[in-house]
Amino acid sequence: MGDVLIGRGDAIPPAEVVDVELYHPHSWITKYVFSQDAKVIALQYSLTALAIGLVALVLSWLMRLQLGFPGVFSFIDPSQYLQYITMHGMIMVIYLLTALFLGGFGNYLIPLMVGARDMVFPYVNMLSYWVYLLAVLVLVASFFVPGGPTGAGWTLYPPQAILPGTPGHEWGIILMLVSLIIFIIGFTMGGLNYVVTVLQARTRGMTLMRMPLTVWGIFTATVLALLAFPALFVACVMMLFDRVLGTSFFIPALVSMGEQLKYGGGSPILFQHLFWFFGHPEVYIVALPAFGIVSDLIATHARRNIFGYRMMVWAIVAIGALSFVVWAHHMYVSGMNPWFGFFFATTTLVIAVPTAIKVYNWVLTLWRGDIHLTVPMLFALAFIVTFVNGGLTGLFLGNVVVDVPLSDTMFVVAHFHMVMGVAPILVIFGAIYHWYPKITGRMWNEALAKFHFWITFLGAYAIFFPMHYLGLLGMPRRYHDIGQTSFIPESAHTLNAFISIVALIVGVAQMVFLFNMFWSLRHGRKADGNPWRATTLEWQTPETPPGHGNWGKELPVVYRWAYDYNVPGADQDFIPQNQPPTPRPA
Amino acid sequence: MAEVALRKTQDAAARPRHWRVVASDWASDQTAFKNVSWGKAMMWIFLLSDTFVFSIFLLSYMTVRMSTTQTWPNPSQVFALHIGGQDIPLILIAIMTFVLITSSGTMAMAVNYGYRRDRKKTAVLMLVTAALGATFVGMQAFEWTKLIMEGVRPWGNPWGAPQFGSSFFMITGFHGTHVTFGVIFLLIIARKVWRGDFDTGRAGFFTSRRGRYEIVEIMGLYWHFVDLVWVFIFAFFYLW
Ligand code: HEM
Ligand SMILES: [Cu+2]
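So the protein lines, in turn, are chains H and A. Residue numbering for the first sequence follows the working numbering, starting at 1 and increasing by one per position. Residue numbering for the second sequence follows the working numbering, starting at 1 and increasing by one per position.
Hints may contain errors.
[To be verified] Below 27 Å or equal to it, Euclidean Cα-Cα: the simulated BS3-like pairs (lysine-lysine) are:
#	chain 1	residue 1	chain 2	residue 2
1	H	Lys262	A	Lys146
2	A	Lys121	A	Lys40
3	H	Lys553	A	Lys34
4	H	Lys31	H	Lys553
5	A	Lys40	A	Lys120
6	H	Lys526	H	Lys553
Bear in mind the hints are in silico, worked out from the structure with no lab data behind them.
All chains should be modelled from the sequences, with the hints used to inform the complete structure.
Take a look at the structure:
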């Protein structure tokens, strides 16, 4: 690709957008608390998401303690177990992964990578964070209300989600729904910013097809979110009315505990459709940014141009579009029309094609690359392995006849943890290790980081790989205690205990990560502006960490794509995107 | 003068045509939508997202209308007013629709005068738009009161399917909230126009940034959208 110029004749097209008027903070409060700088907002988002993620992690320990050693921890009763899985699932998916990828990485990387001074509407961007924080606080509040948080499962299926018999039906479910509604409002404010910044605020020379794949992934994911969250929003509003006002959007006529309820005529399956119309794209909302980031990590740390850049971009876009027509593969056992199953199984398998293209391209990028086994690279490699694993079991579950017996077993738990739990988390770690020097100006302690990597990667496999087997045995998911069942052999209980012990070890290893993060802030080796010798713009800022407005006086001008590594004839093994082409002899 | 004109036609000839224009804009740097400001782009994308919200509301209403086991009340009877000794079906809704569509007209005129930098006319027309919007919300409040007095509740009504009241209050309420927000922002922007903030470059109270007359047009986009949504609600809820 090299230094292709855009525009006819002249290399640098004239600026189309006038330089923005930045808000200059006057005090500590407007600089670090109510900050309008996307980079500060990004850190606020990330730290809040990590903090609430820690809660979800602790909940997973409690769940594993119960599953591994049933009966030993008497304070975990069945209701509590359900509350733990619900809060764990919802926090992980929405409040940790979505917020961290889009609010955290999106805010930090988009303006820097496309060469903008900030997001297009910094004030709205700031509001977005505070609304998100409110959503988190409402969610946390549900731990402290009478009856505790909801135990309806992260899918919140009605009718049970709002009826007596489900833990948290008094207040927990109300707070959960309200929190989700607030989250969506806050997200929309941020999401509009990310999309418009990518579309309308790129620097001179930065065409869409020169953007790093990270930006493509985050951008497409944000578009998906803006179109998928409306379904969740409406579903939450309607369920809130069902619970609070006694409407019957989702509740059919029911007899509960010997009593005819006042509900009647609603459609529970409507909720499932709405939820999964959001829920499936949500999987890609966390997967696409991970795809993008991993592509950049691999190219940078293998010193090779990404294989098939255009194909990678179109695969991201195709996956995003297809993700809106596969949702009912989560509903094969819901009793919907079997023809639907046929249709949705087909679309589900079609989506495997662009996904497989991406995997092949990552592998081909690595092929004969100059692979540096840095910590970000290790995480990127781990991601590929894990994602392929989860993707393959996805092909199982996408087929109706295979899914029906496996539905609601530990096999499903294993599948989605591999593909949307462990895989994106590995990318998040890799990305934090990769960009930390830019954000803080310091390097990590490498030994601790490698230790963290190996425990997390091997541990995650030790936790989730055996769950496939447990699922095939028929061990159900969302069960507090499977008790003595003839089809579950004694060895399965031993396996469960093993998984739980590993889960605790992996959990403790995350403390090493946190410790390293804060310790390196002070004691890490000083990083120069571009420690990985990467091509993308964020590494070319005049200051590290980048200052307010990112670029000093002059915006950078982009002359090439983001993957000029090891270009034959170049004097370094990488050429930054903003390095002008050398005039060639005619 | 002649030279400039000549260069313009040359440029036009050099520019690719039709969908190729779109392709070349998207292949270019800096902006994908040429000459579209950030604010306008953001409003359009927000409206796309909001379209999904309203569509899903309407689809859900249709679904529960099918799933409920009781008969659906007849809208032309429910929404009739007793005027001059006889029931006139849908009369209030007809007036409300008329008011809202008229307000779209005054909004469009406000946008036009905004671009001519005619402060007074712009502000007045925005105030008229806001007044029409407020009238709409007022009539909606009247309609809600009437139905509530006749015994319609979100959880039930005297004539049949309880989902009738649930969907009615939810969808018209959600639309009415949109109109109300629109009225509030119309008033704020009208004040700024009247005071000449966009001529003097006065900074906003919250954002500390200077606004531009374009905000009138962006407001217009939102307002027309809210009117358009009403047409669909009218068709699907009241006429069906
Ligand atoms: C240390 C890492 C983790 C461990 C040990 C763990 C463990 C568990 C366990 C034991 C369950 C409940 C299984 C059941 O009885 O049904 C569960 C459910 C779940 N987890 Fe995780 N998990 C971890 C990380 C994650 C991550 C990173 C995600 C992000 C996507 C995630 C998302 C979910 C979801 C969505 C559920 C389903 C909740 C439900 O059934 O409603 N988990 N996890
Ligand atoms: Cu899915």
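Quick rundown of the hints versus the structure:
Distance hint between Lys262/H and Lys146/A is fulfilled; the C-alpha atoms sit about 25 Å from each other, no more than 27 Å. Pair hint Lys121/A plus Lys40/A holds up; C-alpha atoms about 22 Å apart against a cutoff of 27 Å. Using a Cα cut-off of 27 Å, the hinted pair Lys553/H and Lys34/A holds, with the two alpha carbons roughly 25 Å apart. For the given pair, Lys31/H sits about 20 Å from Lys553/H by alpha-carbon distance, which is consistent with the 27 Å threshold.
For the hint pairing Lys40/A with Lys120/A, the CA-to-CA distance comes to about 24 Å; that is within 27 Å, so the pair holds. The hinted pair formed by Lys526/H and Lys553/H meets the criterion: a straight-line CA distance of about 25 Å does not exceed 27 Å.
Checked against the numbered hints given earlier, this structure breaks none of them.
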